[in-house]
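Novice: Sequences listed follow chains Y and F, in order. Note that the first sequence covers residues 113 to 404 in this note's numbering. Note that the second sequence covers residues 39 to 575 in this note's numbering.
Bear in mind the hints are in silico, worked out from the structure with no lab data behind them. Note that the structure is predicted; figures quoted are calculated from it, not measured. Check before you lean on any hint, since a few could be wrong.
[Stated by the list, open to error] Some but not every residue of chain Y turned toward chain F, in silico, with C-beta under 10 Å:
(1) D294
(2) H308
(3) F311
(4) N317
Ideal placement from N, C-alpha and C gives every residue a C-beta, glycine not left out.
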Amino acid sequence: MTELPLPTYGTAPPRNRTLRRFLRHRLAVVGLAIIVILTVACIVGPWLLPYDQLYIDLRARFAPPMTGAHIFGTDPLGRDIAARLFMAGRVSLLVGFMAMVISTIVGTFVGVVAGYHGGRLGAVLMRIVDGFLSFPAIFLLLTLAAFVKPSPFMITVIIAVTSWMQVARVVEAEVRSLRERDFILAARMLGLSSSHIMFRELLPNVAGPIIVSATLTIANAILLEAYISFLGYGIQPPLPSWGNMLNGAQQYLATAPWLAIVPGVAITLAVTGFNFVGDGLRDALDARSDLS
Amino acid sequence: MEDPVLVVENLTIALPKEMDRAHAVENVSFELRGGRVLCIVGESGSGKSVTANAIMGLLPSTLTIASGSIRLRGRELLSLSGQDRRGIYGRIVSIIFQDPLSALNPLMTVGDQIIEVMDAHPEAAPQDRRGRVIELLTEVGLPDPKLMAEQYPFRLSGGQRQRVMIAMALALDPDVLIADEPTTALDVTTQAQILELIHRLQRRKRMAVMFITHDFGVVADIADHVIVMEKGHLVEQGPASEVLVRPRAPYTVRLLAAVPKMHDGTGRVGDPDAPVVLSIENLTKTYHASGSLFGKIREVRAVDDVSFTVRKGETVGVVGESGSGKSTLGRLVMKLIDSDSGRIVFDGEDVAPMPEAQFRSRRPHIQMVFQDPFASLNPRHTIGRILTVGPVGRGTPIGEARQRAMHLLDRVGLQPSAYERYPHEFSGGQRQRVGIARALMFDPHLLIADEAVSALDVSIQAQILELLDEIQRETRIAMVFITHDLRVASQICDQVAVMQSGRLVEFGSTADVLGNPGTPYTRSLVAAVPGAGRASN
């Protein structure tokens with residue numbers, strides 16, 4: 113038999129190529145930078161500032177930004193907005209992140225099972241997904257929030273409940289097309305169990321779309337948290353969140369606009385940052401984008 | 039002799055930096071004369087399609103023409119502006135592709151797509167375009183051209199689609215027709231018809247045809263002149279009679295030697311007393327295709343009342359055109375799909391009615407090698423994991439499984455370092471070796487090879503067939519070899535089963551069935567084998 117040297121073509125492993133494609137996506141890199149800066153600021157910031165987020169300085173009420181050590185100014189009670197913003201960021205980002213984790217796990221599970229089994233089980237699962245999708249998410253959120261005590265944990269769960277369906281749909285479609293591929297038939301030929309095929313053979317191959325939709329879910333979750341907290345059903349003061357900071361700011365919009373602008377900008381940055389990263393990942397994980 | 043229509047001189051096309059070689063095509067020169075058929079032959083990656091795409095201005099943006107010239111009727115194509123080039127493509131030189139389904143617009147009727155070509159070149163198009171469409175469709179031998187013009191591509195068969203592509207390419211009477219593997223995706227009988235059609239049209243219109251193929255059988259059928267390419271270099275060119283009979287370059291010699299030929303007696307005679315491993319009795323599978331909302335439900339009998347037996351140490355070939363049910367048959371035996379009726383007696387036990395949970399314990403004894411080596415290995419797992427996952431899943435200790443995997447990697451001719459690597463690092467032939475090693479991990483009693491060599495180059499094909507043959511002789515495994523290529527079947531099979539629209543039309547020893555076909559259908563299959571047909575008349 114002729115000797116077979118291991119081939120040398122396609123030397124760059126695909127993961128490196130993915131990274132390179134991601135770095136070529138300028139907006140995605142900007143988005144990633146925004147997220148990293150915001151996250152680091154929220155984690156480290158409170159320690160560096162001279163004020164606690166609950167410290168009330170009645171003499172310094174309504175201080176505009178850049179007065180003394182109050183870089184973002186103070187609120188109606190004289191609390192430092194920078195300190196509150198970073199603490200609120202911890203809450204908002206954590207809620208967004210955990211909601212993403214829960215909804216991705218649930219959505220992936222439902223999607224993989226529905227996509228792999230298809231048939232009646234798949235149809236029932238996907239109709240449940242349709243059922244959840246047919247509720248107007250915001251009203252469902254507000255109704256649920258009105259019934260339970262709105263702790264950060266409950267808010268996370270409620271947001272996850274209304275946002276796992278997108279992941280499920282994406283994963284289901286992807287798995288359904290992969291299920292017919294020969295390597296899955298080969299796995300069945302080897303006599304592997306269904307759960308092994310679903311979670312060890314199929315799952316690694318749908319990691320790309322899952323990661324993309326996870327990033328977009330964080331953005332959405334941050335926005336939803338801000339939304340319900342702004343309406344007063346979410347995170348309750350004195351625990352700050354970006355949403356309830358906006359709520360407190362609305363009556364002073366004309367006199368102290370920075371109260372709304374500062375958390376508003378933080379929300380915008382976080383959401384656009386995650387969206388940019390999501391877009392970048394979508395392009396980077398799609399090998400076809402190399403052709404253009 | 040006529041002046042050359044197309045002259046390619048010192049063409050060099052650069053590849054992007056990270057590829058394994060610097061040039062897709064290097065210093066290639068050839069001429070194409072009117073009324074002649076030039077065949078470009080080579081294995082995948084030899085640069086033959088890249089050359090065609092360069093002539094048609096269809097190179098992807100990652101490939102650039104580094105130097106050389108392409109002259110069409112004395113005009114340099116490479117220095118023309120985009121607009122001038124567009125005036126040439128489709129009118130003076132046109133192309134047909136390998137896969138007619140993806141080359142046709144699924145949302146436009148066949149007639150409209152042909153008219154579109156004419157609309158793009160109004161100066162050359164005839165007044166009565168509808169009439170011309172009917173004329174063209176008649177010319178390429180499509181039945182009922184008027185009705186055909188109103189059809190969407192998905193309603194047509196593969197051969198009919200390729201005829202439509204040819205009609206489209208011929209719409210404006212081009213001087214040069216480039217055909218890039220136009221028959222590779224088709225059945226042998228359809229392939230023979232399409233080759234015949236191209237040949238006939240070329241004669242009548244005195245066209246120059248540049249025909250790209252990897253199949254020397256096809257070359258023997260139609261070529262006047264042959265170019266052999268290897269890794270971007272032109273290694274040999276000359277008249278077909280010369281190159282095919284007295285090849286000079288060692289690479290051509292090797293390629294020619296690897297071309298599968300019809301063997302009439304393989305010398306292989308199955309042992310008639312060997313124990314029966316698999317016995318299929320009256321196996322039937324019907325697919326129900328739901329028609330339109332109020333239409334009738336269509337029934338397709340994919341496998342219809344098929345019976346045959348496979349003995350230990352014996353290879354049974356299942357041959358037939360696509361749609362004949364041979365792949366469905368393989369999957370039924372594997373129980374990857376459920377059968378409707380009939381018995382599948384495996385090792386003396388009817389497995390057809392067994393539920394999956396019960397059958398799973400028998401799975402290790404029936405293994406399969408798949409057609410597409412790119413799709414049949416999980417791209418996210420290492421070769422080691424792909425090989426060991428099955429045995430480990432049934433409780434074999436990982437160390438033992440690893441040892442067996444290493445032994446089999448060596449047996450199929452791969453290096454031990456392959457164990458840690460991922461499928462994308464291997465070529466098609468090497469992946470197919472991995473597929474074979476995977477199927478042997480359990481010491482199966484029956485191996486089903488579903489078009490296991492169809493996706494490979496001829497030289498690799500020969501190696502894989504040899505490997506399967508060796509393994510069978512060592513292990514006395516029973517094999518079902520599903521293929522559309524009668525030449526391959528004639529080489530490796532003891533018995534051949536011929537299938538047509540789900541039915542088994544002929545079954546017997548390879549020498550009998552292929553050497554002396556008993557049914558008109560088998561006769562037409564044998565007659566359509568490339569390299570055998572026209573050589574005699």
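Novice: Take the hints in turn and mark each one as holding or not.
Specialist: Checked hints:
Given hint, D294 (chain Y) at the interface with chain F, holds; its Cβ is 4 Å from that chain's nearest Cβ, closer than 10 Å. The closest approach between the C-beta of H308 (chain Y) and any C-beta of chain F is roughly 6 Å, which is under the 10 Å cut-off, so the hint is satisfied. With a cut of 10 Å, the hint placing F311 (chain Y) at the interface with chain F is violated, because the nearest CB-to-CB distance is about 12 Å. The beta carbon of N317 (chain Y) is positioned within 10 Å of a beta carbon in chain F (closest approach about 6 Å), and the interface hint is therefore held.
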